[in-house]
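Novice: Protein chains in written order, with this note's numbering: chain A, 81 to 475; chain B, 1219 to 1380; chain C, 583 to 700.
Everything labelled a hint here was simulated from the structure, so no lab data went into it. Source: prediction; values computed, not measured. Just so it is clear, CB atoms sit at the ideal spot from N, CA and C, and this is done for glycine as well. Take the hints with a grain of salt, since some may be wrong.
To be verified - A short, non-exhaustive set of chain A residues, derived as facing chain C with CB atoms under 7 Å:
{"id": "1", "residue": "Ala191"}
{"id": "2", "residue": "Leu211"}
{"id": "3", "residue": "Phe246"}
{"id": "4", "residue": "Leu413"}
{"id": "5", "residue": "Glu463"}
Stated by the list, open to error - These stretches of chain C come out as covered by chain B in the derived footprint (C-beta under 8 Å, 3 or more residues):
{"id": "6", "region": "598-607"}
{"id": "7", "region": "639-647"}
{"id": "8", "region": "654-667"}
{"id": "9", "region": "672-680"}
{"id": "10", "region": "685-692"}
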Amino acid sequence: MNYLRDFFVNLAHSWTAWLAGFLPGWAVSLIDYVIVAVILVMMPVIATLTLTWMERKVIGRIQNRIGPNRVGPWGIFQAIADAVKMLIKEDIIPDRADKPVFNLAPVLIAAAAMMLCGVIPFGRRMIGADLNIGALYIVAIGSLSTVAIIMAGWSSNNKFALIGAFRIVAQLLSYEVPMVLSIATVVLLVGSMRMGQIVEAQTVPFILVLPVVFIVYTLCGIAETGRSPFDLLEAESEIVAGYFTEYSGLKFGWFYIAEYGNLMAISAIVTTLFLGGWRGPGAAFAPVLGPIYFAIKVVLVVFLLMWIRGTWPRFRIDQMLQFAWKVLVPAALANLLWVAIMLKLPAPVAVQYVLMLAGNLVILFTALTLLGRAAKRVVAQQEAKQQAESGLVAA
Amino acid sequence: MEAVAFAILAVVTLGGAIMVVLSQNLMRSALWLILSFFGIAGFFVLLQAEFLAVTQVLVYIGAISTLIIFAIMLSRNFMDPSEPRFNEQWGLVGGFSALLLIGLATVVTRVAWPVSAGLPPADAIQRLGIDFVTAYAVPFEVASVLLVVSMIGAIIIARDRE
Amino acid sequence: MLSQYALIAVLAIIAFALPVVGLLLAWLLRPHKPNPMKNSTYECGMETIGETWVQFKAQYYLFALVFVAFDVEAVFVFPWAVAYGKLALYGLTEMILFVAILLGGLMYAWRKGALEWQ
C-alpha cells in the first residue's frame, strides 16, 4: 500500500535498482535518461492527437455544430486519420527553396516544443530535470521557436511566407517581454527559479494572489503559441498560411505538432506557476495523486484557451503590437514592483498576499480605465473623420 | 565523460564559427553563428554556470540573432554568391590575422590564469543577485542606461532615414 | 547538477531525432512525382510577380531592437528576484531605479512612434 502511495517514483527507483544490479552506473543513468526523454518527447505528439480532437469538438459546440463524429465513436480517431493523411501526402519542395534550412525548420520547432516538457513538474519529484534556472529555461526554449520560424519563412522562397514570418516574429518578440516579466514576478514571490520549488511554495495558488499577472501571462502565452485571437498569420482568409505556406505532408505535420505541443506546454506552465501544479487535497500524503490533479488543471486551462479562441474576435497586427508594448509591458512592470514593495513590508505573509491582490486589482482597474479612454478617443477620431468625409461628399 | 562533451562542443562551436566565414550565403552564415552560440551555451553548462548558459540562449540566440537576421534582410544583396570571395588585400589581411592568432595563442597558453579550485557555490544565482545591488550596483544601473541609450540611438537613426 | 543537464542533452538529441525519423519514414511512404507546376512558388495560384525578396521595413528592426533592450533587462531582473529575500531596502530602490530608466526609454520609443506599425 505504501508503495502505491508514491507509485511512479517508487517504480522508477525499483527499476533503477534492478538495472544497477548488472550494469555500470553510467549505463543505468543513460537508460533512465533515454526512457524519460522518450516519454517527454511523445508528449507533444499525444497532445496533438488528443487536443486537436478536443479543440474541434469544443469550437464546434461554440459555433453550434457537432464537430467530427464519423471516425470512431464521437470522432476520437479523427486525429489518427489526419496523421495518416499527413504521412502519405507528397512532400513538395519549391524550386528555389534552400533545402537544408527548409527541412531543418520543422525539426527545430518540434524539438523546441518537446524540450519544453523537460522542466515541467508533473508531480512531486516527477520532473524531467529540476533545473536551478527552470523558469528561464522555458523562456529560452521559446525563443528557439522564433529562430525556427524565421528559417521556415526565409527558406521557402515565397513572398507570403517571408512576410508572414516577419510579422509573427514581431508578434512573438513583443509578447515575450511581458511574459518574461510575469514569470519574474512569480520568481520574486517564490525566491527561486526552480519549477519544483515554485509548486511547493504555493500553499495558496498564486492565481488568487496575483490574478492580473496570471491574465498577463496567459495572454502572452496565447500570443506565443500563435492562436486566436492572435492568429493573424494563420487566419485562413489572410496571408495564405503565413510562414508555412510551402510546407506539405509530414513537415507541415510537425509544425502542427509543435503548435499543439506548445499549447499543452503553455497550459502546463500556467498550471505550475499559478494554479499550484500538482497540489491538491491528499497530494502531500499520496504523491501519486499529483499527476492526476495536474492533468485536470491543465485540461481546464486548455479548455479556457479554446474557449477564448472560439469567442474572441481576431486582433489586427498593429492593435496587437500596441497592446503588448503599451499595456502589457507597463502592467507587468507595475506588478513586479508592487510585489517587490509588498514583500518588504514588515507584515505577516497573509497580509502581504492580500495587499498584493489589492494592488493587482488596482492595476487592472487602471489599465481598463486607460484603455477605455483611449478607445473613446479613437472612436471620436473616427467619427470626426467620417463626418468630415460625409461633409465633403455632401458639399 | 566531460572530456567527450567538451570535444563535441568544441567541434560544434569552432565548426559553426568557421562555416560563418566560409558560407557564401549571408543568411546561412547567420544560422551557423546561431549554432556556434549553442556551443558556447554548452560550454557554460560544462563550467556549471547555468545562468550564463540560459542567458546566452535567451539573449544571444533569441534576441541578438534575430536582430542580426533582420539587419541582413535590410541589406539588399545578401543572396548574391557571384561576389568575389577574396579582394586584392587578402595577403596583407591574412598576414595580420595569422599574427593575431599567434599572439592570442601565446597569451592563452603562457599566462598563469588564476583557476579556481572548486565548483561554483550552490546558491550562485543568489549571490549574483546580491552582488548586483551591493558590490556592482553602479555597473548595474549603468547597464540600464546603456540599454536605453542604444534604444534611443537606433530609433533616431532609423527615423532619420524615413 | 551536471547530471540534470545530461538529461537535457539526451532530451535534445531525442527531440531532434524523432522528427528526423518521422520525416524519413514519411519519405519512404509517400509518392514522389515532382512536376514544374507543383514545384513553383505559391502565389494564390498565379505566376509570381517580381522578385521574391520584399521590401523589409525598418519597423521590424526597431521592434527587434527594443526587444533586445527589454530582454536584457529581464535577464538582469531574475538574479535580483532570486536574491530578493536576502536584500535590504536598497535592493528595492536600485531595482526601481533600473526599471524607471528603462520605462523612460520605452516612453521615448512610444513618443517617437517607434512602436507604431504602418
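Novice: Next step is simple, just say for each hint if it's right about the structure.
Specialist: Status of the hints after comparison with the structure:
A least Cβ separation of about 4 Å between Ala191 (chain A) and chain C falls short of the 7 Å threshold, and the interface hint therefore holds. The restraint placing Leu211 (chain A) at the interface with chain C holds, with a minimum CB-CB distance near 6 Å, inside the 7 Å limit. Annotation: interface hint on Phe246 (chain A) holds; nearest CB of chain C at approximately 5 Å, less than 7 Å. Residue-level restraint check for Leu413 (chain A) holds (minimum Cβ-Cβ distance to chain C is 6 Å; threshold 7 Å).
Interface hint status for Glu463 (chain A): violated, as the beta-carbon distance to the closest one in chain C is roughly 22 Å, over 7 Å. Only residues whose C-beta sits within less than 8 Å of a C-beta in chain B count toward coverage, and the region 598-607 of chain C has 0 of them, not enough to reach three; the restraint is violated. For the region 639-647 of chain C, the stated coverage by chain B holds: 6 residues have a C-beta nearer than 8 Å to a C-beta of that chain, and at least 3 were required. Coverage of the region 654-667 of chain C by chain B holds [criterion: at least 3 residues with CB-CB distance below 8 Å; count 11].
With 6 residues having a beta carbon nearer than 8 Å to a beta carbon of chain B, the region 672-680 of chain C meets the requirement of three or more and the stated coverage holds. Coverage of the region 685-692 of chain C by chain B holds. Counting CB-CB distances below 8 Å, 4 residues qualify, and the rule asks for three or more.
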